[in-house]
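Both chains are given apart, each in its own frame, so use the hints to dock them into the complex.
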Amino acid sequence: MKALRHPALHWLLGIGLGAVFVYASIDKIEQPREFARIVYHYRLIGPSASLGFVPANAFSVALPWIEALTGLLLIVGVWRREAALTAGLLLVMFLVAVAWALAHGIDVENCGCFSVSGEGRSAGLKLILQDLGLLAVATVVAFVSPRAREALLETAPAPAPQG
Amino acid sequence: MSLRPWRVAAIVVAGTVLGLAWNAFGGRGIALSGNAYIKPGEDVVEIDAGEAKKRLDKGALFLDARPVAFYEMGHIPGALPLPEDDFDRAFAGLEPRLRNTLDIVVYCSGYGCEASHIVARQLREKGVHAAILHEGWPAWTDAGYPTKEGKQP
Chain A
1 MKALRHPALH
11 WLLGIGLGAV
21 FVYASIDKIE
31 QPREFARIVY
41 HYRLIGPSAS
51 LGFVPANAFS
61 VALPWIEALT
71 GLLLIVGVWR
81 REAALTAGLL
91 LVMFLVAVAW
101 ALAHGIDVEN
111 CGCFSVSGEG
121 RSAGLKLILQ
131 DLGLLAVATV
141 VAFVSPRARE
151 ALLETAPAPA
161 PQG
Chain B
1 MSLRPWRVAA
11 IVVAGTVLGL
21 AWNAFGGRGI
31 ALSGNAYIKP
41 GEDVVEIDAG
51 EAKKRLDKGA
61 LFLDARPVAF
71 YEMGHIPGAL
81 PLPEDDFDRA
91 FAGLEPRLRN
101 TLDIVVYCSG
111 YGCEASHIVA
121 RQLREKGVHA
131 AILHEGWPAW
141 TDAGYPTKEG
151 KQP
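Chains as they are written, first to last, in our numbering: chain A, 1 to 163; chain B, 1 to 153.
These aren't lab readings, by the way, just hints derived from the structure by calculation.
Positions of the beta carbon are idealized from the N, C-alpha and C atoms, including for glycine.
Treat the hints with care, since some could be wrong.
When the alpha-carbon atoms are kept at most 30 Å apart in a straight line, the in silico DSS-like pairs for lysine-lysine are as follows [claimed, not checked]: (1) 126/A - 53/B; (2) 126/A - 58/B; (3) 151/B - 54/B; (4) 58/B - 126/B; (5) 126/B - 53/B; (6) 54/B - 126/A.
A few chain B residues that don't get close to chain A, going by computed Cβ distances all over 10 Å [claimed, not checked]: (7) 30; (8) 53; (9) 70; (10) 80; (11) 84; (12) 85; (13) 92; (14) 94; (15) 109; (16) 122; (17) 141; (18) 143; (19) 145; (20) 147; (21) 150.
If we strip away everything but chain B, and leave its shape as in the complex, we get (with noise of 0.2 Å):
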C-alpha cells in the first residue's frame, strides 16, 4: 500500500470547503474580511477599566486622545499621545507602530468625552482597529490603576 500524495491535498482541500461552508452556514461564523476583535454590528469595540487593564498587561498600545497638557499631567503608562486636536501630525509619527498593532485602546477625559470616539474613528478611516475604554481616565484613576507623569509614556 503505497503512499498517494494526492490523497493529502484531497484531505486539507476538503477540509477548507468544509471549514468555509461551516464558517458561512453554520450560524456563528466570521466575516473573513472583517477584524476578528470587533463583534458584528458593531461600529466600535468599548471596553471597561478592567479589561483594559488586562490588555494593558498583554502588551496592548494605549492612545491616549486629550490634550498633551494633560497627558503630561498624568497618563496610563505606556499610553502615547495621540490628541484629537492635533491627529493628522501626531499620526504620521505614530503610523508604522500602529499598523503593527493589534490590540490598541484609546481613551479620553471620561464622562461624556468624545475625543476617543473620534480619533478611533479617525483611526478607523485610516485602517487601523481600536477600543475605546469606556469612561476614560476617570474610569481608570477610580479603579486604582497605576498612573505616569510627564511626557515620556
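Next comes chain A alone, as it looks inside the complex (with noise of 0.2 Å):
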C-alpha cells in the first residue's frame, strides 16, 4: 500500500490516465454527427418519441470535451484528485452504458470510444475489462492521497540531533 501513496507513481498514472481521455475525445469533436449517431445506437436517452433528439445531441457534444477538459487536467496536474474523480464518474457511465446494450440485446457495432468511423471496437466484454482497468487508476489517483514531500522526508533516518 506504501507503493500507491508515492506522488510519482499518481503523477504517472495521471499523465497516463489524462493521454487516454484526451485521445478518445479528439475524434469525437471533429465529427459531432458520427459520433450523435452513436449515441442513438445505444438507445439510453434517446431520440425517442418522449425524449425527441435534444437529449442524445447534447450529450453528444458535451461528453467529448468533458473527456477533453479531465484528461488536460490530469496531464499536467492541476486538480488532478478531482480530474480523476470525473473520470471514474465517466468511466462508471460508460460501463452502464455498454452493460445495458449488452443486456438489451443492442449490437453497438461501434462503441464510440475512441474512434467514431466504422472500424471502431465493438461494446463486448473486452471493453467492459478495460474500462474497469481504467476505473482502478482512476481510483488510486482520486481516492489515495500522495504522501507529500515532507512525510518523504521523515521516513528517511533522522538526522542526527544537533549540539
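Next comes the structure, spelled out in C-alpha cells:
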C-alpha cells in the first residue's frame, strides 16, 4: 500500500489516464454528427418519441469536451484528484451504458470509445474489462492521497540531533 | 490535499459549456433538436443500393411503399409493407415499431416512383424519419442482393 502513495506514481498514472481521455475526445470533437449517431445506437437517452433528439445531441457535443478537459487536468496535474474522480464517474457511466446495451441485446457495433468511424471497436466483454482497468487507475489517483514531500523526507533516517 | 467535490461539478459544467459553445460557433456543429442521420439543409436522405444493403445488415428496418401485390411478388428480406395507397391503416399497425426504430429505409418501384417519397413525407409529418432507397426495387435487384417472395417479411 505504501507504493500506492508515492507521488511519482500519481504523477505517472495521472498522465497516462489523462492521455487516454484526451485521445478519446479528439475524434468525437471532430465528427459530432457521427458520434451522435453512435450515442443514438445505445438507446439510453433517446432519440425517442418522448425525449426527442435534444438529450442525445446535447450529450454528444458535451461529453467529448468533458473528456478533453478531464484529460488535460490529469496531464498537467491541476485538480488531479478531482479530475481523476470525474474520469472515474465517466467510466462508471460508460460501463453502465455498455452493460445496458449487452443486456438488451443491442448490437453496438462501434462503442464510440476512441473512434467514430466504421472501424471502431464493438461494445463487449473486453471493453468492460478495459474500462474496469482504467477505473482502478482513476480510483487510486482520486482516493489514495499521495504522501507529501515532507512526509517522504521524514521516512529517511532522522538527522543526528545537533548540539 | 483533500478531495473537493465542487471541482468535479466545475469540470463537468465547464466541459459542457465548452462543448455547447464549440457546437454553436465551431463551424461544424449539429442542430441540437435535429436527427444526426439527416444532413443539414437536406429534407430527405437518399441512399444507394450498396448503402441500403449495409444498413439492412446492421438491422435497419425496410418499408415497402408499393402496393401489397408487388410486395408479395418479391421484396427485400425483412421489409414490412407500408403501401402508399393504404398508408393510414398500415401505419397504425406499425406505429409502435416505427417509433422505436432509428434507421428506417423506404423503397418503391424505382425509376421515378414517388411512393417512397410520399411515404417518407407522411412518416416525417408523424415524426418518424426514414431514408429513401434511390431508384428503389430495381436498384436492389440489379445489384444482385437477396429478395423474398410471399406475405411474410
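Okay, the hints, checked on the actual structure:
no.: 1; hint: 126/A - 53/B; result: holds, 29 Å
no.: 2; hint: 126/A - 58/B; result: holds, 21 Å
no.: 3; hint: 151/B - 54/B; result: holds, 24 Å
no.: 4; hint: 58/B - 126/B; result: holds, 24 Å
no.: 5; hint: 126/B - 53/B; result: holds, 26 Å
no.: 6; hint: 54/B - 126/A; result: holds, 25 Å
no.: 7; hint: 30; result: violated, 5 Å
no.: 8; hint: 53; result: holds, 14 Å
no.: 9; hint: 70; result: holds, 30 Å
no.: 10; hint: 80; result: holds, 19 Å
no.: 11; hint: 84; result: holds, 23 Å
no.: 12; hint: 85; result: holds, 26 Å
no.: 13; hint: 92; result: holds, 15 Å
no.: 14; hint: 94; result: holds, 14 Å
no.: 15; hint: 109; result: holds, 29 Å
no.: 16; hint: 122; result: holds, 16 Å
no.: 17; hint: 141; result: holds, 26 Å
no.: 18; hint: 143; result: holds, 20 Å
no.: 19; hint: 145; result: holds, 19 Å
no.: 20; hint: 147; result: holds, 24 Å
no.: 21; hint: 150; result: holds, 27 Å
In summary, the structure is inconsistent with hint 7 from the numbered list given earlier, while agreeing with all the others.
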